[in-house]
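Novice: Sequence:
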Amino acid sequence: MPTHRLIDDVVAELHARGLTSTSCDIGHDFHAGFSVRSMRVPEAREADPTAGEDDPRCVVEGVSVAPYDYLVRPDDA
Numbered sequence: 001m002p003t004h005r006l007i008d009d010v011v012a013e014l015h016a017r018g019l020t021s022t023s024c025d026i027g028h029d030f031h032a033g034f035s036v037r038s039m040r041v042p043e044a045r046e047a048d049p050t051a052g053e054d055d056p057r058c059v060v061e062g063v064s065v066a067p068y069d070y071l072v073r074p075d076d077a
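The numbering used here applies: residue 1 is where the sequence shown begins, and numbers increase by one.
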């Protein structure tokens, strides 16, 4: 279920608190052992009523919890 918060805002807030991350194709993996992600299903205007229809910003849709090394491991495919 989406948080109805823009992923850039969430990541900036977590970075301001001293948490570090690396970006990935669907979000950010945090060294503390979790990731925030978005598959771009909710539109930015669902979180920001002033956003236009073509606003490319992502809404956080989920959080994964796992060791950082697991989150960033290469695909096994």
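Quick caveat, the hints were computed from the structure, so don't treat them as lab data. Predicted, not measured: the structure shown is a model, and the values here were computed from it. Quick reminder that beta carbons are idealized off the backbone N, C-alpha and C, glycines included. Some hints could be false.
What the hints assert, rightly or not - Restraint ranges, calculated between C-beta atoms of paired labels, are given here:
no., residue 1, residue 2, range
1, G18, D69, 16 to 22 Å
2, H31, D54, 31 to 37 Å
3, H31, G52, 31 to 37 Å
Novice: Starting from the range 31 to 37 Å, see whether the pair H31 and G52 falls in it by beta-carbon distance.
Specialist: holds (34 Å)
Novice: Can you tell me whether the CB distance of H31 to D54 sits inside 31 to 37 Å?
Specialist: About 33 Å separates the Cβ atoms of H31 and D54, which means 31 to 37 Å holds.
Novice: Taking the beta carbons of G18 and D69, is their distance inside 16 to 22 Å?
Specialist: holds (20 Å)
No hint from the list above goes unmet by this structure.
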